[in-house]
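Asker: With chain A fixed as given, assemble chain B onto it according to the hints.
Here is what each chain is made of, one letter per residue.
Number of protein chains: 2
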Amino acid sequence: MELEFLRWLGERLPADVRAPLGLRDDAAILELSGQRVVTTVDMLTEGVDFLLSQDDPERIGRKALAVNLSDLAAMAARPLAALVALTLPREGALSLAKRLYEGLAPLAEEFGVALAGGDTNTWDGPLAISVTLFGEVTERGPLLRSGARPGDVLLVTGQLGGSRLGHQFDFTPRVREALWLAEHAELHAGIDLSDGLSLDLWRVCQASGVGAMVDTSRIPVADDAARWAAQLADGSTALEHALADGEDFELLLAMPREAAAELVKEQPLACGLSIIGECVAGEGAGKSRLWRREADGSRSPLVPRGYEH
Amino acid sequence: MELEFLRWLGERLPADVRAPLGLRDDAAILELSGQRVVTTVDMLTEGVDFLLSQDDPERIGRKALAVNLSDLAAMAARPLAALVALTLPREGALSLAKRLYEGLAPLAEEFGVALAGGDTNTWDGPLAISVTLFGEVTERGPLLRSGARPGDVLLVTGQLGGSRLGHQFDFTPRVREALWLAEHAELHAGIDLSDGLSLDLWRVCQASGVGAMVDTSRIPVADDAARWAAQLADGSTALEHALADGEDFELLLAMPREAAAELVKEQPLACGLSIIGECVAGEGAGKSRLWRREADGSRSPLVPRGYEH
Chain A
1 MELEFLRWLG
11 ERLPADVRAP
21 LGLRDDAAIL
31 ELSGQRVVTT
41 VDMLTEGVDF
51 LLSQDDPERI
61 GRKALAVNLS
71 DLAAMAARPL
81 AALVALTLPR
91 EGALSLAKRL
101 YEGLAPLAEE
111 FGVALAGGDT
121 NTWDGPLAIS
131 VTLFGEVTER
141 GPLLRSGARP
151 GDVLLVTGQL
161 GGSRLGHQFD
171 FTPRVREALW
181 LAEHAELHAG
191 IDLSDGLSLD
201 LWRVCQASGV
211 GAMVDTSRIP
221 VADDAARWAA
231 QLADGSTALE
241 HALADGEDFE
251 LLLAMPREAA
261 AELVKEQPLA
271 CGLSIIGECV
281 AGEGAGKSRL
291 WRREADGSRS
301 PLVPRGYEH
Chain B
1 MELEFLRWLG
11 ERLPADVRAP
21 LGLRDDAAIL
31 ELSGQRVVTT
41 VDMLTEGVDF
51 LLSQDDPERI
61 GRKALAVNLS
71 DLAAMAARPL
81 AALVALTLPR
91 EGALSLAKRL
101 YEGLAPLAEE
111 FGVALAGGDT
121 NTWDGPLAIS
131 VTLFGEVTER
141 GPLLRSGARP
151 GDVLLVTGQL
161 GGSRLGHQFD
171 FTPRVREALW
181 LAEHAELHAG
191 IDLSDGLSLD
201 LWRVCQASGV
211 GAMVDTSRIP
221 VADDAARWAA
231 QLADGSTALE
241 HALADGEDFE
251 LLLAMPREAA
261 AELVKEQPLA
271 CGLSIIGECV
281 AGEGAGKSRL
291 WRREADGSRS
301 PLVPRGYEH
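Chains as they are written, first to last, in the numbering used here: chain A, 1 to 309; chain B, 1 to 309.
One chain only, chain A, in its complex shape (with noise of 0.2 Å):
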């Protein structure tokens, strides 16, 4: 449904100059008074991104700002300061404002976001938080979705899968790793993992006019994906986990071959780093085909599998 209004909304916004990305990458560059400032924002809502029965507001008001965190590692940019919009249920508001706040503030400090200000409601409905984050782009510029090119490598931080055995709270947003990287390297695109490997390489590849071909056998498959499917039992297996559950929060990106051979020799990051396909020349009309090569070298289409908003 979101992927269908901003389709419909991209036909009717103006262009401007305050805002050249349009509606088309992780966060928003603004030109503000002469400066470039990144921002963006993420509602957290009960049922879809948490369950308050079972979830610690601790790590629902962390989730909060860590799935925000994350896109600005996307762009590789700085994080500055950000607002917090709460809507609370009426009964027990206090306290839960108080205690999402107690998870939040930590991760705060840790990423030195100052918490500049905010809005705080109570209602006849269910927990939802609004983060607005802002932040500031390195003398790289912004890292952008748009740049892949044919022959890039593509890379992955972290492992993939399973996250709804906790990873989609505990997660660490790779900004400090995304601002390592866009200064010690040469990227051409980059993306956070929030929607599903799949889903998410084919909005790389999509805003960049090129195809991808990815080897399966590469992909750095976590521990809990295995677990998932064996808790699933449904017949998937921890490699379509990988491929597509989504709020893995790592980066994928795409950059020269040889720069990422060299990255992914000296493994420079605690998190690791996987090369797991390249970038294809674009083919039909979307130009974005993607394509998957199993370790026997069998080639077949590969459906990109996600979190639909």
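Some hints here could point you the wrong way.
Heads up, the list lumps identical chains together, so a pair's fine if it works in one copy or across two of them.
[To be verified] With a straight-line Cα cutoff of 20 Å, these simulated DMTMM-like cross-link-like pairs (lysine to aspartate or glutamate) come out:
1) 98 <-> 2
2) 265 <-> 4
3) 265 <-> 58
4) 265 <-> 186
5) 98 <-> 240
6) 265 <-> 139
Calculated from the structure, these hints are not laboratory results.
Computed from a prediction, not measured in an experiment: that's the story for all the values here.
Answerer: Chain B alone, transformed into the frame defined by chain A:
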């Protein structure tokens, strides 16, 4: 509840040079990359700010932006760009999103606001809209709540009370008026009247460490305040509604007496300007005691009443 939460939060938040106002005004001022950006967020929700069963989505979308424009007007800041986060009931989400936008977009265009991004979700809950608005401070600097001095007179724009009869949706945020006044007059303090004249006046007095004397006979009472009192038939008066209804989204300003007298004589704004009283020396612990003075000169305490979040 919001007030108690902000008090609790204020004791915990570390002071931060990047957000010098703390949580004390209508909008936050961020020091981003050496540039001052004014930003504010408001979350509007079903049952609190609108009723989807009786209010057109176009009016709701318009209001979601308008209340934020009013917050920037309160700071005498120039609007620049907005992010819109929607959480929509699943049933009919796309059609609702489009209608909200159809109401919001013309107001954005009228006030030169670039719609730069957002977040769109669906859930099994009611409609919630969170708009984050960015603006820039003019050369005059931001207008704050905290600058009122004893001897200043209190001015309001427009008419007050009875906003429930339609004004709560159809008001024009006083952005142009605030910018004009900030350029042509010496303003000491300002706030937008979102929660009720007496309550918002009390906030200005608290922030400034002054008291206030309100001449009840000089308050510009809207015709709708009398209509609303008649409709309620609960013994309330039009004046009481002007003092406490809220959602007037007019400006309350504190400024030097002579400049105010000249403005009221000249009436440069189509919405009208009225002197409604004056700031007096603070008294007692809170220093922000409010008084009312009737047409016959009799005085009594004015109890701050309005909408408490």
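Asker: Are the hints correct? Go through all of them and say.
Answerer: Hints and how they fare:
1. Only between protomers do residue 98 and residue 2 lie at most 20 Å apart by alpha-carbon distance; the minimum there is 11 Å, versus 31 Å within a single protomer.
2. In this homomeric assembly, residue 265 and residue 4 never come within 20 Å of each other (Cα to Cα): the closest approach is 41 Å inside a single copy and 54 Å across copies.
3. In this assembly of identical chains, the alpha carbons of residue 265 and residue 58 never lie at most 20 Å apart, being 38 Å within a copy and 56 Å across copies at closest.
4. Taking the shortest alpha-carbon separations for residue 265 and residue 186, only the intra-copy value of 16 Å comes in at or below 20 Å, while the best inter-copy value is 64 Å.
5. In this assembly of identical chains, the alpha carbons of residue 98 and residue 240 never lie at most 20 Å apart, being 38 Å within a copy and 34 Å across copies at closest.
6. For the homomeric pair residue 265 and residue 139, neither the shortest alpha-carbon distance inside one copy (26 Å) nor that between copies (53 Å) is at most 20 Å.
Checked against the numbered hints above, the structure violates hints 2, 3, 5 and 6; every other hint is satisfied.
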